[in-house]
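Asker: So you can see what is in the structure, the chains are spelled out below.
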Amino acid sequence: MLSFISKRLLVALLVCLTVSALSFGLMFVSGDPAIAIAGAGGRAEDAEAIRVAYGFDRPLIVQYLDWIGNALTGNLGQSIYFNVPVTEIIGNRVGVTLTLGFISFLVALVIAVPLGVAAALRPNGWLDRFALVIAVSGQAIPSFWLGLMAIVVFGVWYGWVPISGADTWQGYILPVIVLSYYAIPELMRITRSGMIDVLATDYVRAARAKGLPMHLVISRHALRNAVLPLVSLAAVQLGQLLSGSIVIESVFALNGLGRLAWESLLRSDLPVVQAIILVLSLLYVVLTTLADILNAVLDPRLRGNS
Amino acid sequence: MTEMMLDIRNLKVSIPTDRGMLNAVRGVDLQIAKGETLCLVGESGCGKSLTATSIMGLLPRYAKVTSDRFEMAGQDLGTKTDAKLAKLRGRDVAMIFQDPTSALNPTLTIGRQLTEGVMRHEKLSRSEADARAIEMLDRVGIANPAARLTQYPHGFSGGQRQRIMIASALMGRPGLLIADEPTTALDVTIQAQILTLLGELQADLGLSLLLITHDLGVVAAIADTVAVMYAGRIAERASAVELFAAPRHPYTKGLLAAIPVPGVTRRGSELPAIPGRVPGLIGTMQGCAFRDRCSIAGPECVHDPVPLVSIGKGHSVECVKAAEVPA
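Just so you know, the protein sequences line up as chains A and B, in that order.
Number 22 in this note's numbering belongs to position 22 of the first sequence; there are no gaps in the numbering.
Number 1019 in this note's numbering belongs to position 19 of the second sequence; there are no gaps in the numbering.
Bear in mind the hints are in silico, worked out from the structure with no lab data behind them.
In this text the structure is predicted, and so the values were computed from the model without any measurement.
Any given hint could be a false lead.
Stated by the list, open to error - Simulated restraints, written as ranges between beta carbons of each label pair:
| id | chain 1 | residue 1 | chain 2 | residue 2 | range |
| --- | --- | --- | --- | --- | --- |
| 1 | B | S1125 | A | G125 | 16 to 22 Å |
| 2 | B | D1007 | A | R129 | 25 to 31 Å |
| 3 | B | H1154 | A | V110 | 41 to 47 Å |
| 4 | A | D197 | B | A1203 | 37 to 43 Å |
| 5 | B | A1146 | A | C16 | 41 to 47 Å |
Every residue, glycine too, gets a C-beta built ideally from N, C-alpha and C.
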């Protein structure tokens, strides 16, 4: 197990290095950053001055090592637009995104997994069909539209929840519903199909042949094997919920990372964009690594020679 | 009268399909005495596995199972078979499967899988259950059993896994063990070991053994009694000795003729095969199911019911022309 974890961590480290190089490179694929900072009306001399001031005249590798060195010490540079440290800006916004993402993820799991299991127990039963309707509608309805409708109905017509912002916890209710509704279909369907596969295996039959009651057969024998693919998917889903909530944050006017990324792109605030990409990518690396380790805990075959 | 471990009359299993009801088991009578080894033989699709699975009550919900009588371990399970079977599973009757690799849960330790049944049924403590698991593993020939309880199935070979499955089935000290092609997935040398083990355990523990197989070599090695199944019914039933020496059903004769005999069957010569193929089992069937492939079939074979002809003690044939079959 220990060797599995250390191998997995080494891979994660290599991925982190690649990711950092890519997010650093983004700064330059979009054109000369100095000209971008100088703006449309900037003169060539301004751009040249900026180039020297920001160190863009140095060799790329030096700039990269400089940037990564700073990043490792927690310094992600200065925001060009606000002229304050990037970490400070991100720090102010990350809480909203994490709260929204994690709560939506938990809500989605709590609904999707039991529903997927129940659907698998009686394929084509009424519950399975109901779950299919949820899944199809969840995948078909764009979340921005659902978000707007929810605001109109529950915010404007009924006035049950605030229509925008997250100053109070009530502000999170609609975004969480919309975001988890977006995440539920995939989680539910992988639970359902995994469960159907596992329920047809001989070891589930063997468990029933031992005279175990159905709830134990499901919880101890079936679910544990059925969640293996779910774990990997859930890690990616959580990453998406944390990084992909740009639309939701915009619709509900929540000041999270997604919205910050969008605004910073519009302002050509490249250090902020760069940092957000780095943070979110690293988050993916951490999540998938954790998922792999969790899978190894659940499935001894993945641990290699034990 | 010997004591019966299992007595089933007129067992029927039907499975709904898009093309109609598939009547896979069409009225099977099965009796197994205490301590008897009965082999249920037949080709793929003849209903032998469904028969065994229905005895365990493990068929999927959509399968329709009926019987006129269903007695196991001295209990009349009557009509509410399923609920009562659930209570007998793992205690009075246990089952081992064809492929031991897929019959062991890959994510649970051997110890857990062996002990979970008896810890529930007999309210054994963990250490008591572990002690019994060690005893059973030792009995089925797993070396160093105590240390292996904490290991996972993937650390064992195929033959060892089948031994573990057998140990697991015996944990609840059942009277009846159902083995569904227990050697099919194993190497030939391992097959022999597992069969020997089953035979030993059967003798030592006084088990009744219902062994499903299509391998007549297995039958010869282990069976007291053989029931030959064809198209959902039992065509012939006899003691193993008598069945091999004097088969009476044309189908049984065909099966036995198809076994190559070293030294007798010439190399490269074609083995005799039964012409035609198994009839479809959807819908009802009139008369003898084998008549289209039978060399001695006549007009009387179309009539229902096909008579069950008794030939001596414990030997019965479902064939109207049984008397004409040259013994």
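Asker: Does the hinted range 37 to 43 Å hold for D197 of chain A and A1203 of chain B at CB?
Answerer: 39 Å, holds
Asker: Is it true that A1146 of chain B and C16 of chain A lie within 41 to 47 Å of each other by Cβ?
Answerer: Since A1146 of chain B and C16 of chain A have Cβ atoms about 44 Å apart, the given range 41 to 47 Å holds.
Asker: Are D1007 of chain B and R129 of chain A spaced within 25 to 31 Å by their CB atoms?
Answerer: This hint is violated: roughly 42 Å between Cβ atoms.
Asker: Go ahead and decide if the range 41 to 47 Å is satisfied by the Cβ distance of H1154 of chain B to V110 of chain A.
Answerer: 32 Å, violated
Asker: Just to be sure I understand the hint, the distance between the Cβ atoms of S1125 of chain B and G125 of chain A should be within 16 to 22 Å; is that true here?
Answerer: 40 Å Cβ-Cβ, so the 16 to 22 Å window is violated.
In terms of the numbered hints stated before, the structure departs from hints 1, 2, 3, listed from lowest to highest.
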